[in-house]
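For the sequence shown, full-length UniProt numbering begins at 1 and goes up steadily by one.
It should be emphasised that the hints constitute simulated quantities derived from the structure, not laboratory data. Heads up, the beta-carbon is just placed ideally off N, CA and C, and yes, glycines get one too. A hint or two may mislead.
Stated by the list, open to error - Dumping the calculated EDC-like pairs for lysine to aspartate or glutamate here, alpha-carbon to alpha-carbon at most 20 Å:
no., residue 1, residue 2
1, K74, D145
2, K284, E245
3, K161, D174
4, K74, D148
5, K261, D238
6, K172, E101
7, K172, E114
8, K172, D148
9, K4, E72
To be verified - Cβ-Cβ distance ranges computed for the label pairs, FRET-style:
no., residue 1, residue 2, range
10, P71, G100, 35 to 43 Å
11, D266, T107, 14 to 22 Å
12, S250, P71, 34 to 42 Å
13, S28, T163, 22 to 30 Å
14, L15, H104, 36 to 44 Å
15, S250, N75, 24 to 32 Å
16, E80, W11, 16 to 24 Å
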Amino acid sequence: MSIKVKFSCFWQDHLAAYHHMQQYAFGSPVWKDMELVADESYDVLAILTRPHHSLRQYDRSKAVTFLTEPPESKNVIPHETSSIVPMYLPLPFWQNFSAGERQHVQTVNLPKTELLSSVTSDLTFLEGHVARLQLIRLLDQRIEDGFDLWGKAYTDTFFDKITAYKGEITQKYDALWPYQYHLACENSFVDNYFTEKIADPILAECLCFYDGCLNIAQFIDDRAFIKIDVFDPFNAIDTIIRSIEDDEWSKRITYIAAQKKRLLSDLNPLNIVWLALKGKDVIKECSL
């Protein structure tokens, strides 16, 4: 017998959330014996961080909360729920994929023609934002050719000075598919919290230079990424340049492909939800 699950989140209405979460089942409303619904026929209301503002009344006993934001986020606010799952959902990776792109992400041995990319905004209100921009600025000065940067500009003071800046980008994966390497840093640094910032590059078979989740190696094989310290930018840049010179992508692509498979299955957001609803120890089940 299937479990009917309705999703509610703060950033989009229930119908949009229904269609969004279907992406992780490759366009299907079914994951294992879990059926996604958008109406009131649900057995479980899966709340992503907090309910949508339109959801004013619901049965608390049917509600289970999955956090998608770090503890300091203004979106993490108290609400009625039966439990809060300790494993964060790594959302929103592979966002706005077409059916063709969903098929493409399941293939292996993607062709690589470019070197290094990064996608970031110029926001500075979090400590992680500031450190990341400092690293980008220094990296831009060290790598004269082969580094491409995209991102949304909220000010006119940062990207204007970055030689590698290519502008804003509509589909993030266009900055991932052809690249061997990718630089990504979370905005927050806590246990069990990682996002699309590491999931997306692995799914695109990039070797990611990453900083963020403090225990990331518990969930993703550390041979599939290269840990850097964004707060130690000079050593981080030395690591990036040395790794590229040593062709680490070629040495690690087998491990990247294996972790890509895990992100599509074991660490898939719908699988994490399914594990929790089956009463499993989610942290244990998601660990290597």
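Against the structure, the hints:
{"no.": "1", "hint": "K74 x D145", "in the structure": "violated (39 Å)"}
{"no.": "2", "hint": "K284 x E245", "in the structure": "violated (37 Å)"}
{"no.": "3", "hint": "K161 x D174", "in the structure": "violated (23 Å)"}
{"no.": "4", "hint": "K74 x D148", "in the structure": "violated (32 Å)"}
{"no.": "5", "hint": "K261 x D238", "in the structure": "violated (30 Å)"}
{"no.": "6", "hint": "K172 x E101", "in the structure": "holds (12 Å)"}
{"no.": "7", "hint": "K172 x E114", "in the structure": "holds (15 Å)"}
{"no.": "8", "hint": "K172 x D148", "in the structure": "holds (13 Å)"}
{"no.": "9", "hint": "K4 x E72", "in the structure": "violated (31 Å)"}
{"no.": "10", "hint": "P71 x G100: 35 to 43 Å", "in the structure": "holds (38 Å)"}
{"no.": "11", "hint": "D266 x T107: 14 to 22 Å", "in the structure": "holds (19 Å)"}
{"no.": "12", "hint": "S250 x P71: 34 to 42 Å", "in the structure": "holds (39 Å)"}
{"no.": "13", "hint": "S28 x T163: 22 to 30 Å", "in the structure": "violated (44 Å)"}
{"no.": "14", "hint": "L15 x H104: 36 to 44 Å", "in the structure": "violated (26 Å)"}
{"no.": "15", "hint": "S250 x N75: 24 to 32 Å", "in the structure": "violated (40 Å)"}
{"no.": "16", "hint": "E80 x W11: 16 to 24 Å", "in the structure": "holds (19 Å)"}
When held up to the earlier numbered hints, the structure conflicts with 1, 2, 3, 4, 5, 9, 13, 14, 15 and fits the remainder.
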